[in-house]
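Grab the two chains, each in its own frame, and use the hints to assemble them into the complex.
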Amino acid sequence: MHYFIGNLGHFFVIVSFVAAIVSAFAYARAINQENPELKKDWLTNARIAFYIHTFSIIGTGVVLFLIIYLHYFEYHYAYSHSDKNLPLHYLISTFWNGQEGSFWLWMFWQSVLGIILLNTQKSWEAPAMVVFALVQAFLASMILGSVIPGLDVKIGSSPFILLRDALDDPIFKMDPDFIPVDGNGLNPLLQNYWMVIHPPTLFLGFASTLVPFAFCLAGLWQKRYTEWIRPALPWALFSAAILGLGILMGGYWAYETLNFGGYWNWDPVENAVYVPWLVLVASIHTMITYKNSKTALKASIILVVAVFVLILYSTFLVRSGILGDTSVHSFTDLGLSGQLLLYLFFFTAMAVFLIIRSWKEIPTTHEEVSTYSREFWIFLGAATLCFMGLQVLIPTSIPVYNSVVESFGFTSNVAPPADQVGFYSKFQLWFAVLVALISGTGQFFWWKRMERGTITSDLLLPVLLSLLVAVVTASVSKVYNLAYGLLLFAGVYIILSNIIVAGRVFRKNPSLSGGALAHMGVGLMLIGILFSSGYSKVVSLNNSGLLISKQFSNDGNREHLLLYLHEPELMAGYELEYLGERLELRDKDGFIKRSEVEILGQPGGGKSPTEPLDAIAQNDILKSGKKLYSQGDTLRLHPENIYYEIEMRKNGKVEATLFPRLQINPNMGLLASPDLKRALGKDLYVHTAPLVRDTIIWSEMQEVRVKKGIEFFVNDYVAMLEDVKRIERVEGVTLDGNDAAVQAKIKIEGERGSYLAEPIFVILDGSQVGRIFDDVNDLGVRITLLNIHPEVEEFTLGVETRQKDWVVIKAMEKPLINILWLGTGVLMMGFTIAMIRRFKDFRKGM
Amino acid sequence: MKKSHIAILVGLAATVAIILTTASDASTYVTFDQAYQLASSGSRKEIHVVGELKKDQLGEIIGIEKSPDHLSFSFLLIDENKKEQKVHFNEPMPADFLRSEKVVVIGHYQEDLFVAKKILLKCPSKYQEEKLNASL
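Line by line, the protein sequences are chains V and P.
So the first sequence is residues -5 to 840, counted in my numbering.
So the second sequence is residues 1436 to 1571, counted in my numbering.
If you are wondering where the hints come from, they were derived from the structure by calculation, not from laboratory data.
One or more hints might be untrue.
To be verified - Label pairs and their calculated CB-CB ranges:
1) V:64 with P:1495: 52 to 60 Å
2) P:1461 with V:59: 40 to 48 Å
3) V:175 with P:1495: 47 to 55 Å
4) V:699 with P:1552: 51 to 59 Å
5) P:1548 with V:647: 38 to 46 Å
6) P:1461 with V:580: 47 to 55 Å
A quick note: this is a predicted structure, and the numbers were derived from the prediction, not measured.
Virtual Cβ for every residue (Gly too), placed ideally from N, Cα, C.
Extracted from the complex, chain P is given alone in its bound form (with noise of 0.2 Å):
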């Protein structure tokens, strides 16, 4: 054994220890009712929830309250297994936010409530129109 070889094992050894015990800081995604199990079980591990904003039948969205002095807003999300849940957001709304087609909230419950931390948004739109805004 070269000493070099010994030092690249040494480093490969701490770098997968590294990766291991962060391991638990990578999140999960999960639905509303995993992550109310979670909390609810005292976990206060920030995961992800995917899930679509609630719409009218007109296809408006409903359910956004935004509070007086603009500095936060809470809205409906529905998850992949239809539950709804009032998710608040303690920063002001995103751009493109009621643009989105999908949104993605990290964060936790607290108590009945979902607190994102973070909101992603998937607007394919921004990059691709997809239908032609035109007229003949």
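Next up, chain V with everything else stripped away, as it sits in the complex (with noise of 0.2 Å):
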């Protein structure tokens, strides 16, 4: 038992809570003082204690890595989410399978941030490292595992715990030092490379929104009402930048290894933070122009404030349990409801009281906005974006609703839409063309003066040229639905009347150009989407199949298709067949047919689900000419991956050969995750039904008389007995002198290539029969030397066969999709080029 580490982490934790607290006392000290002597006193005092707190967390993360990547399994985080075959780089990934890592990994990039805020920025510094150490504080708490005396209030969740405090488990009572020998293993989900980058890019984005509210409340807070903006902007653009590239990591994420067949489920914890992006990309655009011409300033602080809270707000949905049955990856309830509430009712309150404090004495702009300004078009497409968040937002938040009505002692069944995919797109789809269109129109005005006189001259070209391009590609792709036409125009509008703009700008000053750039890669987005969810086509469509009862003769259509082994299927235009089950090696490159080898043990007997397999070479194995093992030589197999090698055909040419997984461990489940062939114009997508085998039965035995070098049928396939040969040697049995045993070699033709199946028949003592029957596995053929006729030289065969392998399969093609990464791309790209030029403005004071 390793009692010293855990301690130690604790005790981190708890300095990190106590120093947050101080500094942001400290911070508030410092404001107050009038004497300069002591408030840089106080000032120092403050530093001194984030940096503390700064330390701590570090430590905080260093002795949790330690306790994972030391296997020490007596501490419940340890236990429940790694385990000791783990790669390093999956290890990392072990830190946010936990609520706790979770939370950790939040505050080292808060941390982070505010050392960096701590060291560039002057008159800011106090006011907004008290908002920033007070929701270190909030979130240090959740991981403290510290309870109240006297009160019996736990507070926190701590990842230092020991197993036996966590599970109530016999096994303690009578060994309390009892020890795993090893971990549950990481959800297979997150043993992929994006759950190594996704989710500390996602709460870096989450930690950085904290940024522009702390400015804005010390502004409110300091009456400097005005001069907020200017170093919140950079930093707002910065996360914008970063919360939507980890949103779209995780979608990229989703559609490599989920198998709903796309990157966007509007699953509650999806919503849960696409709603916030909206809302900061709204508030860059109020920001954007209050520095141009000082409006919207009432708006900024609204919007800047709502994405803090509506970040706070995302954190309660995932994090406390209450979406319960209807998202499908929420953390487990830790039991921090209450805190979570608390941590979101302070904040929501603080910023109300402010806003209210000193609503009057914010400077408003008495003058009406003209139609023909440009401030009006961004203040419309601010709202839009925020009508768009809000129609998401409200049915997500129906298991709060319903949990509200309950707490009052009603009873309340509001279910979230059954069909959410379809639900909230076919509104959000509008959304985006009002979004496309008035931003694309606004580029005009925000770069150039419009007058009432010109404004149809300086639409016309863009509208017509846009016009032109969407009906052409509409006819092209076949866009008959006007929903989906009328999105189309809206994206290329957006793209070309921005590369106008761009075009104009960029010989200007280049550095300007990152507004127009971003919304260019908002307009290749919307296509992308478009036409990869939109025109989304199965493959694998099977109208033709059996129907199980006649009651559901008109729910013919089913997306999923049976493949038997080698036997190809046509679907839409593609022929598809499989190829068998593949495994993969573990210490070298590549897949490996299970027929070329022998598995020594099950996956997961009586050892960790994870320990490598080893397994026999039945056969020289061979990739791409060279060779990896020989015959009999043991290697190493991955236990938990199959894949299942299937073709895909078009016109005779081989499209794509792809080897969609299942994993599978018992202690996590199954997950079967797709492979992808990629090309320019389209996505082949191919995933398994995560089926189990059923145990085999074999058909009963059929007798053949066959002579040599004549062809006869087995299960429909050609075969011929080549030789009957005595043998000198059989494994398992002993020969001696009066014993005798012969071995038949039987050629099977399958559909790719032949078989040899080699039964032997042995005679001991004279008169003892044993018979030794041989597999060929993938043609699902069994065959036994039955018996000897020397005096006719023939042979009878007993036959015995199997369904044969098969597997069940859902093919996609999704059109486009390469256009919705770029668009992320050049989106980024548009973002940085933002950000480093109000950066810039930051530093010399603009």
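In structure tokens, the structure reads:
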């Protein structure tokens, strides 16, 4: 038992919590201090406290990582989220497999951002850092895991609790020092390289929304109502870029790993980050307006506050367990709901109080905004973004509504929409059209003074051009749906109008082109989403299949397809053929055929489920001409992964060979991951249904009498007895002078290549007969040499058959999905250019 | 009234209108009896029913029928009022189905059979192991 390391970790958490409070207090004292000497002292104290806080957070992380890395399974965190066989990068992922680790990640980023602010901001340091340190104190309390003496209230959930304290298992009564040999392993969903980088990116996005919020509150508090925008704007851009990137990485991960066939599922957890991001983007627009024309200050304040409150709200949704039945990937309830609510209410109340207090004093413009002004268009766009978020936010909050109603003693049985994707998409589509049209038009107003007279001539060209491009694209790619057509037009329009604008701006000053680029990225994304989601096609559509019951004659369209080994099926212009199970080598790259090895032992049989499996090569294993293993070699396999090789052909040409995967972990269950064939125009996407094989049932044995060299049929395959030879050694049997053994060699022509079945016939002591059958797994055939008739040179073979190896798959086409990824890249580039420009402005004091 | 205020009000009204008109898209949690009544009164609306898989005395799940082509299956679900109902799902069995503690079926009745369009599973053990699978 390693007690010290856990105590050290717990100590670090407590220090970080206390230091955050001390820092907040000292910064607050520094603000109100008139005496410059004392002010300096308080500031120094506050900084030292924040450094101690940051150091303790890093210490907490190091300790937690060591516990995982050194496999101290007496700790609950290491036991439930890791095991001995995980490679280093997945050991890092175990950090955010649990709630506590992801709280830590969030805190870590915020402390880093805090250190940056502490060193770069002069007059803003103290008030902004008060907000920072308070937020940090709340987060640290989430992993405190301390019981308040006397009150019997537990604060937070510590990542450093021992397994025996976390689990009530009788084994600990017998032996309190019991330590499991291995951990539970990492959720297979998280064993993906995107899961190593997606959570840190997303949490950096989460953390960075605190920066504009802290500046905004500092401004309201210090009555510097207008100045806070200057330091806040570049950070808001940073935040939007990182949060957006984090969200899209999550989408990309879902596309690659999960098998719902897409990158976005309108799951409550996804919605919970999507809404704050929309509002964040809206707030950037109003802040830019303010910097240019001193309007929309109040709107900026409200939106910046709203972003942070929404982040807290989404944290509450995801981590309190309130989503319960409605989401597939919410965290387990750690009993932190009360604390999370307090966190949410504390900062909401603080912000609302400061806004109300200073509302009358916040400068506003009283002149009417003209329809021809750029402010009007920006404002319209920002408002549309907010409504777009609202439409998602309200239905997502249905579980919250239910529990609120129930907490007052009433019953509520409202469930979220049954078809989430259809429900959200049908409205978000129109909002997206509006946003694209407004921002495309807004760009012209932004860069050029528009007059009533010239407006038509300015807009005519881009509108006509977009219409032309959209109509041509629509007719080529058969977009016959009005809503989709409009979205296509809007997407093209925002791209074209921004190209025109970028052309003008770029000549003057390239550093100003960030906005235009970002908008182009949005246009590309919209088009990518339109085609990849709207025109995603199930290739494996099974409308010819068997009907289970006559009742369902109208439900015959099934999207899965049953493929027997080497029996190609024609589907939507593709010929799909299942080529067999493949296993993954542990020590070398590549897949090998299951039929090429004999596996020793069972996956997870007595050992850890992730312990590599030993296997013996049945023949020389070749990979593109190179010999990997010789016959009889022992090799190691990944125990969790089984791959199914599927060939997709079009007009006889192989379009793709895909290896969808099934991960089997006895502790975590089954997971089917797709494989993708990426092409410029469209992706092909195939995954298997997560089926477990039934026990094999062999047919009754049929006897055939054959002669050497004469063809016969085995399970509809052409077969021929090539030879029968006497053999000297039989595995598992000792032969002496009175014994004899012969081995038959039967060649069976499969769909792809021929197979050999080699059953053995043994005569012991001249009378006792033994028979050793041989299986040809790929063909589902088992052959036994039953009898020898030397007088007529004939042999009796026993043939048994079973259902051939099969797999159930779903295959999809995702057209133009690369436009979406391209758009994401362009959007990120735009954000980056804009951010650099605004950071430079900030340094110049603009 | 400034133009911007009007724009906000119009937008708000539109959004509220959208949310209200789609209130009917929101589903409801019901029992099988209620679901049956809904279906027999002609409603084709998809509703949520929460239940548990039927098990025998030994805790083994019973009543699962797979189609011969492995592409669909049916099972017995017991709702909160202990009513047992055969549910058909026109897709292969989801991973972890047999391990689930609770099953939420989303769909509607077709005659005497409940046809699920979607199945949500609650498997707490996936994220937090409750029991220790170990011995001394």
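Could one say that the CB atoms of residue 175 of chain V and residue 1495 of chain P fall in the range 47 to 55 Å?
-> Violated, at about 29 Å.
Determine whether the Cβ-Cβ distance between residue 1461 of chain P and residue 580 of chain V falls within the hinted range of 47 to 55 Å.
-> holds (49 Å)
CB-CB spacing for residue 1552 of chain P and residue 699 of chain V relative to the 51 to 59 Å hint | At 55 Å between Cβs, range holds.
Holds or violated: 38 to 46 Å for the Cβ distance of residue 1548 of chain P and residue 647 of chain V?
-> At roughly 44 Å between Cβ atoms, residue 647 of chain V and residue 1548 of chain P fall inside 38 to 46 Å, so the hint holds.
Check the following: the C-beta atoms of residue 64 of chain V and residue 1495 of chain P are separated by a distance inside 52 to 60 Å.
-> At 40 Å between Cβs, range violated.
State, for the Cβ atoms of residue 1461 of chain P and residue 59 of chain V, whether the hinted interval 40 to 48 Å holds or is violated.
-> holds (44 Å)
Of the hints listed earlier, those the structure fails to meet are numbers 1, 3, in rising order.
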